[in-house]
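With the hints as constraints, model all of the structure from the sequences given.
Each chain, written out:
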Amino acid sequence: MDFNDTPQEAEFRAEANRWLSQNAKPRSESGNMMSMFAESEGGDLRGEAEWQMVREAQAWQRKKADAGWGVITWPKKYGGRGGNIMQSVIWGQEESKFETPANIFMIGIGMAGPTIMTHGTNEQKDRYLPPMLRGEEVWCQLFSEPGAGSDLAGLRTRAVKDGNDWIINGQKVWTSGAHYSKWGILVTRHDPTLPKHKGLTYFIVDMESPGIEVRPIRQITGGANFNEVFFNDVRIPDSNRLGAVGQGWAVSITTLMNERMSIGGGGGLFGGDNGLGSIIALLRGLTVDGRPALEHDAVRQKMAEFAARFKGLELTGYRTLSALSQGAMPGSESSIMKLAMGLLVQEMAAFIMELQAASGVLTDKQETLMEAMWQQAYLGIPAIRIAGGTDEVQRNIIGERILGLPTDIRLDKNVPFNEVPTGASKKG
Amino acid sequence: MNFKFSQDQEMMRDSAKRLLADLSTYAAVHKILDSDATHDANLWKQMAEAGWLSTAIPEEYGGAGMGYLELAVLAEEMGKALACTPFASSIYFAAELIKAAGSESQKTTYLPKLAMGESIATVAYAEKGRIDAAGVQVKAQGGKLTGTKSPVADGLCADLVIVSARDDQGVSLYLVDLNAGGVSREPVATMDRTRKQARLTFNGAQGELLGQAGQGGALLDAASYKVAALLAFEQVGGAQDAMEMATQYAKERYAFGRPIGSFQAIKHRIADMFVKVEMARSSAYYAAWALESAPEKLHQAASAARVMGIDAYSFAAQENVQIHGGIGFTWEANPHLHMKRAKHLESLLGGGIVWRERLMRSMEAAA
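One line per chain: the protein sequences are A and B, in this order. Numbering follows numbering that gives the first Met the number 0, in which position 417 of the first sequence is assigned residue number 416; successive positions increment by one, without gaps. Numbering follows numbering that gives the first Met the number 0, in which position 238 of the second sequence is assigned residue number 237; successive positions increment by one, without gaps.
Hints are computed from structural coordinates only; laboratory data are not their basis. Computed from a predicted structure; not experimentally measured. Among the clues, some could well be false.
In silico BS3-like cross-links for lysine-lysine, where the CA-CA straight-line distance does not exceed 30 Å [as the list claims (entries may be wrong)]:
| hint | chain 1 | residue 1 | chain 2 | residue 2 |
| --- | --- | --- | --- | --- |
| 1 | B | K127 | A | K301 |
| 2 | B | K16 | B | K112 |
| 3 | A | K96 | B | K127 |
| 4 | A | K197 | B | K250 |
| 5 | A | K24 | A | K124 |
| 6 | B | K112 | A | K301 |
| 7 | B | K250 | B | K342 |
| 8 | A | K62 | A | K181 |
| 9 | A | K160 | A | K124 |
| 10 | A | K364 | A | K301 |
| 11 | A | K197 | A | K160 |
| 12 | A | K76 | A | K124 |
| 13 | B | K3 | B | K30 |
| 14 | A | K301 | B | K143 |
| 15 | A | K301 | B | K342 |
| 16 | A | K412 | B | K250 |
| 17 | A | K96 | B | K3 |
| 18 | B | K296 | B | K250 |
So, in structure tokens, the structure goes:
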């Protein structure tokens, strides 16, 4: 057991840091944390400001790719570095110390990429992975529907074969970045007479195809990063099918496992070892009911509890990655990370807002601690607790796949999908 | 970064598991619970013969000269098996204090005996439950001790006790031979009867100064971080066993025509146990590594590991009783063993309140 870098890891870290120092600015103290909530920022991001953000993100990704830092673990033939998981963690830790544009490539590089690598044909890998890695083509995810969230396999968007094409009709929702994406990963139902998990087929869809309509959805943060996406007789060539007809569920699981990993995992969320220390430094300026916040035992106890949980979470992430790097199979461990992280950040955000007394509810950057970062986190975190499987779905995964507890009784599992009872059919 | 125990350490774990599976069964633990036995003497003897006690004691003092990671592996397994022995008192605490503060002759005299299990040692630091050095009232004058320490874990079976006492230099530590007279010991009733505790009354017992006079508080404080890191492994082991017990029962017990583990109300609570256990385990690993290789990180790492260990064990132990329903409230069933052990381990060194404050202070110092 050794939590220090090996000599090779230290060398890699130094190399990463050298490149980053030459190509980016170090982060300020308050920018050090939770850049993941950047997208939850309020106000109307749509329009020129958002396109500017997209262009900056693309430029940064291309710069990294040109220097061989695009994606550490991907094979060189797709433009990756051919590195290992620990190197990828180290890169993430180092990159988080610098000011970088918002990461709009999580769905592509974090989810669609690994899915194509696992289930795609060689032609698909060669076509999609290199421009994805270079940030030239942005990806979005077309999974959830108004009637299919936690029960994703209950989705209804139809795919009907027509010659060498498929014709898609239906509606997707919760699609981040659909309006600036070139490609989408799409799960559809090709056969409603089969039981629900068996009638699904997975596609790559060109978001510029005729018949696709993208409409913004305003979120509780005030931002409109999400969309609903309508499909009206959209044609997809069969060569864009990912995995066999009827294998859509298995392919989706690959995507979802990677989604949980990218939401819960990763180092440097709070800037590593001293991240919580910097929160404490900021609390030094606050008073609660006339006394310095840090003289209140209630504050001290709570902050220490948060710190212990945060460190435990960070270490659990590293433990999982360390096991993966030594050849363990990726399992359901990312469910722990996502579940624990969502709850922790929500509690922390609420508490740190409470400490800001009358300013707690404000989103004005000048009137709040850390430029309203905790207020943004408070509004953004419910999405983290929903995306990639809700807290309850994660608990089912832990209970059933890790601990081997029996599944719940499922009324819909082995019946043809078109005979599954729904709220709508009951009313009718 | 490497988060794994070595192959040798894992082999040690396997042999520890085997020995404990044979000897520290639930039935064996119940036997200690229901008797006045001070500890499981047979298990203790077998542990000594297997060399467990000598693990982290240097070779020149009759030990095996291994490190804290090996001790951590044993601690996790002992916690899981609810071992009823004075291991923590004698090895994590007393032997470590002697290693850290003892003179050459004290180390030569005492450590080999502790390593072999010929003597059992404990540390008497609490008075009426108060554990901070400022509360020490026991007096030492010319090496003679007077006053009362309570509770003292393993005070009934120990041969040797390290006592914090007030002398003209402040609070100092004294080694006292419990078989030499001048001390009376009596049992104090405790919830966890598998880990008996004592009240020790000193009536002029002869003590031998351990470490510098006046440094007793500092020595105990330093030792407490080591003990906390190792106890965190016992807590993780215990929490793991409570969780496994709950999981097993939820698979076997039927209600409303189905296993209760198929109900989300039960399944999700066990999943919450799992999350807490895994986070506590990661924190304990980090503390063990700090103990072995990065002493500058020990205060923060051990404090966090203890906070997480206490939380995981008390949650898993308490909810395991609830998941068992009515049978879980009976003396003959096993869930209450963990519920009580969790409180025992928490009561040593002070609980979450104390260690959250310590964690906060170590973070402020670093910020």
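Checked hints:
no.: 1; hint: B/K127 <-> A/K301; in the structure: holds, 28 Å
no.: 2; hint: B/K16 <-> B/K112; in the structure: holds, 25 Å
no.: 3; hint: A/K96 <-> B/K127; in the structure: violated, 50 Å
no.: 4; hint: A/K197 <-> B/K250; in the structure: holds, 28 Å
no.: 5; hint: A/K24 <-> A/K124; in the structure: violated, 34 Å
no.: 6; hint: B/K112 <-> A/K301; in the structure: violated, 44 Å
no.: 7; hint: B/K250 <-> B/K342; in the structure: holds, 27 Å
no.: 8; hint: A/K62 <-> A/K181; in the structure: holds, 20 Å
no.: 9; hint: A/K160 <-> A/K124; in the structure: holds, 23 Å
no.: 10; hint: A/K364 <-> A/K301; in the structure: holds, 25 Å
no.: 11; hint: A/K197 <-> A/K160; in the structure: holds, 16 Å
no.: 12; hint: A/K76 <-> A/K124; in the structure: holds, 10 Å
no.: 13; hint: B/K3 <-> B/K30; in the structure: violated, 36 Å
no.: 14; hint: A/K301 <-> B/K143; in the structure: violated, 44 Å
no.: 15; hint: A/K301 <-> B/K342; in the structure: holds, 21 Å
no.: 16; hint: A/K412 <-> B/K250; in the structure: holds, 21 Å
no.: 17; hint: A/K96 <-> B/K3; in the structure: holds, 27 Å
no.: 18; hint: B/K296 <-> B/K250; in the structure: violated, 42 Å
Hint compliance for this structure: hints 3, 5, 6, 13, 14 and 18 are broken, all remaining hints hold.
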